[in-house]
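There are 2 protein chains.
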Amino acid sequence: MGALLQEDEESPLIAVNEAGRSPYVLICEHASRLMPRKLGTLGLSEADLQRHIAWDIGAEKVARLLSRLIDAPLLLQRYSRLAYDCNRPPESADAIPELSETTVIPGNRKLSADDRLARAREIYRPFHDGISLQLDKRAAAGVRSLVVSIHSFTKIYKDKPRSVELGILHDRDASLSSRLIKSFPNVDARLNEPYGPKDGVLHSLNMHGFSRGLQHAMLEIRNDLIDTERGQDEWAQRLSVPLIQAAAK
Amino acid sequence: MGALLQEDEESPLIAVNEAGRSPYVLICEHASRLMPRKLGTLGLSEADLQRHIAWDIGAEKVARLLSRLIDAPLLLQRYSRLAYDCNRPPESADAIPELSETTVIPGNRKLSADDRLARAREIYRPFHDGISLQLDKRAAAGVRSLVVSIHSFTKIYKDKPRSVELGILHDRDASLSSRLIKSFPNVDARLNEPYGPKDGVLHSLNMHGFSRGLQHAMLEIRNDLIDTERGQDEWAQRLSVPLIQAAAK
Chain A
1 MGALLQEDEE
11 SPLIAVNEAG
21 RSPYVLICEH
31 ASRLMPRKLG
41 TLGLSEADLQ
51 RHIAWDIGAE
61 KVARLLSRLI
71 DAPLLLQRYS
81 RLAYDCNRPP
91 ESADAIPELS
101 ETTVIPGNRK
111 LSADDRLARA
121 REIYRPFHDG
131 ISLQLDKRAA
141 AGVRSLVVSI
151 HSFTKIYKDK
161 PRSVELGILH
171 DRDASLSSRL
181 IKSFPNVDAR
191 LNEPYGPKDG
201 VLHSLNMHGF
211 SRGLQHAMLE
221 IRNDLIDTER
231 GQDEWAQRLS
241 VPLIQAAAK
Chain B
1 MGALLQEDEE
11 SPLIAVNEAG
21 RSPYVLICEH
31 ASRLMPRKLG
41 TLGLSEADLQ
51 RHIAWDIGAE
61 KVARLLSRLI
71 DAPLLLQRYS
81 RLAYDCNRPP
91 ESADAIPELS
101 ETTVIPGNRK
111 LSADDRLARA
121 REIYRPFHDG
131 ISLQLDKRAA
141 AGVRSLVVSI
151 HSFTKIYKDK
161 PRSVELGILH
171 DRDASLSSRL
181 IKSFPNVDAR
191 LNEPYGPKDG
201 VLHSLNMHGF
211 SRGLQHAMLE
221 IRNDLIDTER
231 GQDEWAQRLS
241 VPLIQAAAK
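Chains as they are written, first to last, in the working numbering: chain A, 1 to 249; chain B, 1 to 249.
Calculated directly from the structure, the hints in this document are not laboratory data. Any given hint might turn out to be false.
[Stated by the list, open to error] Capping the alpha-carbon separation at 30 Å, the derived lysine-lysine pairs in DSSO-like fashion look like this:
hint : chain 1 : residue 1 : chain 2 : residue 2
1    : B       : 198       : A       : 137
2    : B       : 155       : B       : 198
3    : A       : 110       : A       : 137
4    : B       : 198       : A       : 198
5    : B       : 110       : B       : 198
6    : B       : 182       : B       : 110
7    : A       : 198       : B       : 137
8    : A       : 110       : A       : 38
9    : B       : 38        : A       : 137
10   : B       : 137       : A       : 38
11   : B       : 182       : A       : 198
12   : A       : 110       : A       : 182
13   : A       : 198       : A       : 158
14   : B       : 182       : B       : 155
15   : B       : 198       : B       : 158
16   : A       : 110       : B       : 137
17   : A       : 110       : A       : 198
18   : A       : 137       : B       : 137
19   : B       : 198       : A       : 182
20   : B       : 198       : B       : 182
21   : B       : 160       : B       : 137
22   : A       : 155       : A       : 198
23   : B       : 160       : A       : 137
[Stated by the list, open to error] Heads up, incomplete: computed chain B residues facing chain A, CB under 7 Å, no partners named:
hint : residue
24   : 90
25   : 91
26   : 136
27   : 140
28   : 141
29   : 174
30   : 179
31   : 207
32   : 211
33   : 212
All values derive from a computational prediction rather than experimental measurement. Glycine included, each C-beta is placed from N, C-alpha and C at the ideal position.
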């Protein structure tokens with residue numbers, strides 16, 4: 001039994017289609033709103049725990065459908081980002097947020113160093129170790145990898161509406177993003193919107209993509225477009241061919 | 001027993017002064033020329049196994065002295081970089097080099113995917129996991145970290161002499177390097193010489209520094225200057241005060 005997860009609670013890493021033959025490795029840090037039992041509700045209402053602050057609405061479903069469509073391995077994270085945001089390093093105040101958008105998270109306040117370390121060791125590390133191992137295995141076998149993370153964002157943020165539908169995010173290496181952006185003529189797709197590298201959201205991709213010399217991109221879909229099965233299917237389809245084509249270059 | 005290291009062979013990670021109170025965390029990927037027993041001599045002569053192609057001559061001693069002088073944690077890697085170069089990702093041809101400078105490494109040729117994965121899993125990963133854990137613990141405790149790696153380079157490379165004495169290397173985040181470079185008035189110190197980010201040598205620092213938002217720099221000392229105890233002591237002293245001063249900013 002760890003300091004956070006109990007014996008009957010599962011690893012944060014969910015690996016899907018590990019033998020997939022696509023050059024892409026898909027990751028989804030904010031797939032789920034499951035909370036480690038020890039954290040209870042973090043002092044939040046059930047309504048808050050269902051909002052985008054707890055997870056990326058629709059992202060898991062799109063990622064799973066896309067994994068099947070392009071035959072790509074997919075690594076999903078099992079727990080709510082309110083427990084630990086796996087797209088942030090332990091140094092970041094956003095890793096264990098005390099405030100998300102305008103909502104105070106009581107259960108994340110006044111944590112001890114041991115509490116913080118337990119969140120990092122039992123959620124953040126096992127998830128990222130799983131990504132590293134997948135990439136290490138592919139590299140050892142001489143298989144090329146591109147890393148793409150699947151996220152969603154809320155249409156209304158701090159009372160302001162967002163019109164962008166698809167954000168394609170990059171930090172220093174824009175190679176994959178700049179190829180992808182040309183492939184969505186009928187979508188409001190923009191580079192580094194509604195977030196960008198200055199918001200710290202390229203953490204996972206800088207770690208697994210940039211530091212290894214692997215091309216990468218972060219895909220952010222507006223969550224009102226993927227909150228139904230129909231929307232999820234539509235967006236998985238829409239992303240599939242551009243990804244396949246962009247990999248070939 | 002692993003596929004590479006045997007039960008009585010030690011972990012690649014050597015942790016020194018883990019409770020050190022400096023803001024610096026020192027790392028030394030090429031500290032040693034020890035070879036995992038299973039790899040024998042990799043088909044090389046004893047003379048070749050003592051050359052700079054197997055390790056960074058003098059780097060471990062300078063790093064240990066510096067760790068003591070500035071009270072910094074130090075993570076050293078126990079095995080020869082000819083077994084696995086821990087400053088390269090598994091994708092890199094230089095991770096398990098078939099050719100180093102002008103020397104063919106017979107024992108690194110025609111490796112299977114399993115052989116390559118064993119090198120990565122048993123040398124590269126445990127070393128980097130140790131760095132991650134050290135940084136995670138500090139972050140959880142609210143302790144600031146800057147990451148500095150200690151290396152040495154050969155004076156004559158492919159028959160060409162190098163006059164630079166101290167290389168201070170950076171990739172995208174030049175903040176620490178640009179402060180340090182001003183602190184060596186009596187030394188031939190240069191930024192991104194004799195190597196730079198295009199040579200792939202910023203791998204460890206991009207992984208542990210850049211991706212976490214931690215300032216970092218790679219220090220490369222010409223190895224003829226640190227091949228004696230006197231030189232090692234001189235250089236550890238010379239680096240110590242500039243590092244302390246550069247951390248304060």
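So, going through the hints one by one against the coordinates:
{"no.": "1", "hint": "B:198 x A:137", "verdict": "holds (25 Å)"}
{"no.": "2", "hint": "B:155 x B:198", "verdict": "holds (20 Å)"}
{"no.": "3", "hint": "A:110 x A:137", "verdict": "violated (40 Å)"}
{"no.": "4", "hint": "B:198 x A:198", "verdict": "holds (24 Å)"}
{"no.": "5", "hint": "B:110 x B:198", "verdict": "holds (26 Å)"}
{"no.": "6", "hint": "B:182 x B:110", "verdict": "violated (46 Å)"}
{"no.": "7", "hint": "A:198 x B:137", "verdict": "holds (25 Å)"}
{"no.": "8", "hint": "A:110 x A:38", "verdict": "holds (16 Å)"}
{"no.": "9", "hint": "B:38 x A:137", "verdict": "holds (21 Å)"}
{"no.": "10", "hint": "B:137 x A:38", "verdict": "holds (21 Å)"}
{"no.": "11", "hint": "B:182 x A:198", "verdict": "holds (28 Å)"}
{"no.": "12", "hint": "A:110 x A:182", "verdict": "violated (46 Å)"}
{"no.": "13", "hint": "A:198 x A:158", "verdict": "holds (19 Å)"}
{"no.": "14", "hint": "B:182 x B:155", "verdict": "holds (23 Å)"}
{"no.": "15", "hint": "B:198 x B:158", "verdict": "holds (19 Å)"}
{"no.": "16", "hint": "A:110 x B:137", "verdict": "holds (17 Å)"}
{"no.": "17", "hint": "A:110 x A:198", "verdict": "holds (26 Å)"}
{"no.": "18", "hint": "A:137 x B:137", "verdict": "holds (28 Å)"}
{"no.": "19", "hint": "B:198 x A:182", "verdict": "holds (28 Å)"}
{"no.": "20", "hint": "B:198 x B:182", "verdict": "holds (23 Å)"}
{"no.": "21", "hint": "B:160 x B:137", "verdict": "violated (44 Å)"}
{"no.": "22", "hint": "A:155 x A:198", "verdict": "holds (20 Å)"}
{"no.": "23", "hint": "B:160 x A:137", "verdict": "violated (38 Å)"}
{"no.": "24", "hint": "90", "verdict": "holds (4 Å)"}
{"no.": "25", "hint": "91", "verdict": "holds (5 Å)"}
{"no.": "26", "hint": "136", "verdict": "holds (5 Å)"}
{"no.": "27", "hint": "140", "verdict": "holds (4 Å)"}
{"no.": "28", "hint": "141", "verdict": "holds (4 Å)"}
{"no.": "29", "hint": "174", "verdict": "violated (13 Å)"}
{"no.": "30", "hint": "179", "verdict": "violated (20 Å)"}
{"no.": "31", "hint": "207", "verdict": "holds (4 Å)"}
{"no.": "32", "hint": "211", "verdict": "holds (4 Å)"}
{"no.": "33", "hint": "212", "verdict": "holds (4 Å)"}
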